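*Asks:* Each chain is listed here by its residues.
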Amino acid sequence: MLSGMDIVVCGAQVPFMRGGAELHMDNLVAALNREHRAELVRLPAAWEKERLFDAALAWRLVPLDAELVIATNFPSYFARHPNKVVWLFHQHRGAYDGADAPWSDIGLDDDSLETQRQLSDWDVRALEEARHVFTTSRTVADRLARYNGLTGEPLYHPPPLHDRLHPGTAGDYVFCPTRLEHNKRPHLLVEALAHARSGVRAVLAGRGTLLEALRSEADRRGVAARLELPGFVPDDELVRLYAGARAVVYAPFDEDYGYVTLQAFYAGKPVITASDSGGVLEWVEDGVTGLVTDGSPEALGAAIDRLATDEALARRLGDAGRAAVADLGWDRVISRLLRP
Amino acid sequence: MTGPLVELLVSPGTGDRLGPVARHLSSWADVRAPEPALPTPRARLASSWRAPRLAEALADGAPPLALWVASGDEADAARESLPRCAVLLCDRDEVGEHLRARAPATPVIVLRRGGLDVDLLRPLPPFVRARWRRRLGLAADLLVDVRSPSTAISERLVPSALAVAAAVVVDHRWLAHALALGAAVVADQDAAELEGATDGRELVVAEGDDAPAVAGEVALDLARSAALGREGRRLVERRYDLRSRTGDLARRLGLLPDHPAARQVVVRRLDELGTPPGARVAARARVATALFAQASAGSSIACGGGGR
Numbered sequence: 120m121l122s123g124m125d126i127v128v129c130g131a132q133v134p135f136m137r138g139g140a141e142l143h144m145d146n147l148v149a150a151l152n153r154e155h156r157a158e159l160v161r162l163p164a165a166w167e168k169e170r171l172f173d174a175a176l177a178w179r180l181v182p183l184d185a186e187l188v189i190a191t192n193f194p195s196y197f198a199r200h201p202n203k204v205v206w207l208f209h210q211h212r213g214a215y216d217g218a219d220a221p222w223s224d225i226g227l228d229d230d231s232l233e234t235q236r237q238l239s240d241w242d243v244r245a246l247e248e249a250r251h252v253f254t255t256s257r258t259v260a261d262r263l264a265r266y267n268g269l270t271g272e273p274l275y276h277p278p279p280l281h282d283r284l285h286p287g288t289a290g291d292y293v294f295c296p297t298r299l300e301h302n303k304r305p306h307l308l309v310e311a312l313a314h315a316r317s318g319v320r321a322v323l324a325g326r327g328t329l330l331e332a333l334r335s336e337a338d339r340r341g342v343a344a345r346l347e348l349p350g351f352v353p354d355d356e357l358v359r360l361y362a363g364a365r366a367v368v369y370a371p372f373d374e375d376y377g378y379v380t381l382q383a384f385y386a387g388k389p390v391i392t393a394s395d396s397g398g399v400l401e402w403v404e405d406g407v408t409g410l411v412t413d414g415s416p417e418a419l420g421a422a423i424d425r426l427a428t429d430e431a432l433a434r435r436l437g438d439a440g441r442a443a444v445a446d447l448g449w450d451r452v453i454s455r456l457l458r459p
Numbered sequence: 124m125t126g127p128l129v130e131l132l133v134s135p136g137t138g139d140r141l142g143p144v145a146r147h148l149s150s151w152a153d154v155r156a157p158e159p160a161l162p163t164p165r166a167r168l169a170s171s172w173r174a175p176r177l178a179e180a181l182a183d184g185a186p187p188l189a190l191w192v193a194s195g196d197e198a199d200a201a202r203e204s205l206p207r208c209a210v211l212l213c214d215r216d217e218v219g220e221h222l223r224a225r226a227p228a229t230p231v232i233v234l235r236r237g238g239l240d241v242d243l244l245r246p247l248p249p250f251v252r253a254r255w256r257r258r259l260g261l262a263a264d265l266l267v268d269v270r271s272p273s274t275a276i277s278e279r280l281v282p283s284a285l286a287v288a289a290a291v292v293v294d295h296r297w298l299a300h301a302l303a304l305g306a307a308v309v310a311d312q313d314a315a316e317l318e319g320a321t322d323g324r325e326l327v328v329a330e331g332d333d334a335p336a337v338a339g340e341v342a343l344d345l346a347r348s349a350a351l352g353r354e355g356r357r358l359v360e361r362r363y364d365l366r367s368r369t370g371d372l373a374r375r376l377g378l379l380p381d382h383p384a385a386r387q388v389v390v391r392r393l394d395e396l397g398t399p400p401g402a403r404v405a406a407r408a409r410v411a412t413a414l415f416a417q418a419s420a421g422s423s424i425a426c427g428g429g430g431r
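Sequences listed follow chains A and B, in order. Converting from the first sequence to this note's numbering requires adding 119 to each position, the first position being numbered 1. Converting from the second sequence to this note's numbering requires adding 123 to each position, the first position being numbered 1.
Warning: the hint list may mix true and false statements.
Partial list, computed: chain A residues near chain B (C-beta under 7 Å) [unchecked claim]: (1) V243; (2) R244; (3) A264.
Read the hints as simulated data drawn from the structure, not as lab findings. Since the structure is predicted, the reported quantities are computational estimates derived from the model, not experimental observations. Cβ atoms here follow ideal geometry from the backbone N, Cα and C, with glycine treated the same way.
Looking at chain B on its own, in the form it has when it is part of the complex (with noise of 0.2 Å):
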């Protein structure tokens, strides 16, 4: 066991709610489906007001429960059951209204996935994607136009076409996700408004025809590419990411330890700089701080806390 044990209590149908928060979750916790041989769970998460065993997890005296509502529709069937969980999660910001109305005194957290990951997507700055075109074999000044019905490539290339261009043309179906890499975006003015991106910050707006011209400018530019492409990727990150938000859930669900052990202030550290799971120093800090993992179970993954 890495953590305080949370247990997922799943309806049918509605797992893939909870998939990327237990995800996230397990930085903090040990997240495990029902088992009678575990101890109680420190918290309950459930992918609806229909999960098995909801009432015993709304018993008085239960660990704390975060509950999804997918829907207005949902939040009034489950209306009797939103001021007993301590969180309340939902994916858009109208059911989160929807809850607030009804369970004014129990947290919300809105946690919007937009189609995408941002976790999983790593940004990647014009010099990295220069050489990733050279090992390619691709165009030095390769540009990318996905927007339909011009899309030139298959849309099963795009995600990959949009990791490596010199920068790119997408229509609001693909703009997070190119912001999320990081890409050098060019956007009309209704894509930007949708996902709360500014001209000239985050991305550049054209409109029809102008826009291959514009983005081959750009591309030109690779400090103003370069700068795009960070202030892109933390829009995404402040509007999609799952990792800050379960953070949230986790201080609210009592997760959080009060003083973190050094070997979690190290996965904090990590956490803070945008370390990917995988990343080799990740894997030289398990095996430097391996001989505290005694001293370390039991208590959670730390967030917060640590000093400054």
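Extracted from the complex, chain A is given alone in its bound form (with noise of 0.2 Å):
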């Protein structure tokens, strides 16, 4: 590997916005930065079909100075560099996957039809000029394929906190850690929990716009005593809800990846997820390192259960994850990034 080189990681900027692609940012820098002089350079982007094409054309024209240019996220991926290699957290899924979805502002009339097309058209001339392609998922790989015809490789990530998580008692309690947004599903939790019959507690915690939907729906389905809705927690108590879970429930909509399942994996938890959700999957194997259900709450409700009423089962699979997570690390990261 190469070492004291000048690299610039490129980021889209969501002004007011922190979630886990921030955090996948911040955390290549300071690993690059063990070996390597490297600057996180970001640009504001939107995300509606008017001003979409704009800050992707932006990134053609910054000067980037550096021996390398990491992109990683759309439109950042724009940016022009003879030594580019792209990282790819996700393209613009609005346009891609998610036309039709609520919230996607892409339908099937004219304007939409040609944004889509252009779109993809200026996607694959800008991954197609990188030295290599590599996604953080088979999800995210899948797609770009299926779309764009082009080849990406997987290449995983340990998660924030992956050096302070650490496997605790398997209490009474399953946890679930997300963003409060219809694409996290975390309704789902909360009907499964009324299908559970254990009695089993649960922690939905995270910050969004649907926080007081879910407690309204706590009510209604007579499972508030059960849920805790505690909102944003910092990372100790973050920690402390992993070690102390029975489990961790995580069903969202087809997810790029999933630190919630990988941090669930280093506090040796078994996962309980959805077939169609997306990254999750590449991780948790069925009845190996947790439950795949349908994603009904019925279903949900009926894994929670069986893992509430069987530690045994619970410890094993949550041994199986924290194993499956052994070899991840940012040396290896680094070090497949920066092959020439």
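Make one complex out of these two single chains by using the hints.
*Replies:* So this is what it looks like as structure tokens:
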């Protein structure tokens, strides 16, 4: 591996938003800085179709004087550099697999269809420039192949807090740390709880626009006493909640990667998920490292009961999850990204 | 005026030769027919050796001239003029060879057209095609076979069908068109060879009655369809793209600035991504750089330069 390089990491910025992508970029820069000089460069992006291409064009014009550029998410991979590597977190999903979703402004009108066509064409050209395209997961690589006919190599990395998470007692609650937004489907846990017969408790931690709706739903379904909604929890508390859980429930829709799954494994906890949860399924193997359900509240409730009433099973699956992430590490990631 | 002046010299009945070239050249220059009030042009473009004022255009000290030569016979007729031109243009390889033999020191650019203008045909990947089929109420797995005589759709509708089908079976007449549209293409070996396409990379080769079934298999595999469409489009761009070859022409005619203005770099970046002239982002870029329009006047629209 080359050492002492000047490396620019490129990422999109959505002002006032901070989530998994931002953590990923920060951790990548920190890992690079152990042996190199790395800086994170971000440009604001907009997602509505009227302004979708503005930031992409802006990236084409930004002078990036570095030996290597590592681009991450849309539209940062439009950065123009003779030594560009892409580690693709995601494309603009609202114009690809998310088209027609309530949160997307892409429909079947002329303007939408031309936006999709042009975006695909632009994406292909910008990604083809790269020396190599990695993806954060097999799920992202599959989308790239299906929508753009391009090949991406999955490159897995450790989640935030991986060095602090640890196994603990198999407690009497299931844990779900997530943003409380529609694509994460936090309501599934509330509904599943109503179907669980074991009386198990649940902690649903995180911020989001659905907090009050979830509280109301818990009341309506008579599970409010068994559901804790603490909102945002700081890192120390997050580590403690993982360690003390019986299992982790995480069933988002078609997740790119899903830090929650990996964090659960680092904490030695099995993960209960759904068959349409995307990147989560690259790690959760039914009956081996967790339980994969059809995503219905009834099936999720049954899975929760199964682990709540069988501590040995929960431990066995959790141990297997912990073993599955044993080889993950930033050194390997950096070595792969920088290989000429 | 948006750039250096290029004067068109057109003889009767030959205007269509220069149409697409002039359109693309207008990205770099202000292309005009001769007018008395206009200043001396930076370069000239002639549609044939019979073009008016050609002798004046070939005089010592005249601006560089690009001359279109349509055939070997024309090359023979114009043999005295060929070495005095800055660039020779034609649309077929064999004419190009003829010109190189007649005027070895003069650059020749082959602007192969193949009956299509790649710049006007935009590639549609499989998922966008699927959405168009939904929008139009067409079958989700629509396959189109346009080989003669099995074609069930009228010739007029073939371009639209090639743009929305999940996969297409074509003969040599429609192969380049289908590839330009990014379709998942099935064609026979002869047609593939004619366009320089490779089985499994830009298209799938199948013969006769087997072709529709093969197309059906290709259509089911979205990743394969997308990869074929992407490679097919690139092949056609390499063979027929007037945009890049016209850029070469502009360079040889001395139309490119040494230091392009910022506004022109934007145009160049949009070109790199294959942006249609009417795209919203192009209009937004024009608005965003309108402030600099005055400073850019008199210099050409950029191609080349601009740093990495």
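*Asks:* Next, verify each hint and record whether it holds.
*Replies:* So, going through the hints one by one against the coordinates:
1. Against a cut-off of 7 Å between C-beta atoms, the interface hint on V243 of chain A holds, since the closest Cβ of chain B lies about 6 Å away.
2. A distance limit of 7 Å between C-beta atoms decides the matter here; for R244 of chain A the minimum to chain B is near 5 Å, and the interface restraint holds.
3. A least Cβ separation of about 4 Å between A264 of chain A and chain B falls short of the 7 Å threshold, and the interface hint therefore holds.
Of the numbered hints stated above, none is contradicted by the structure.
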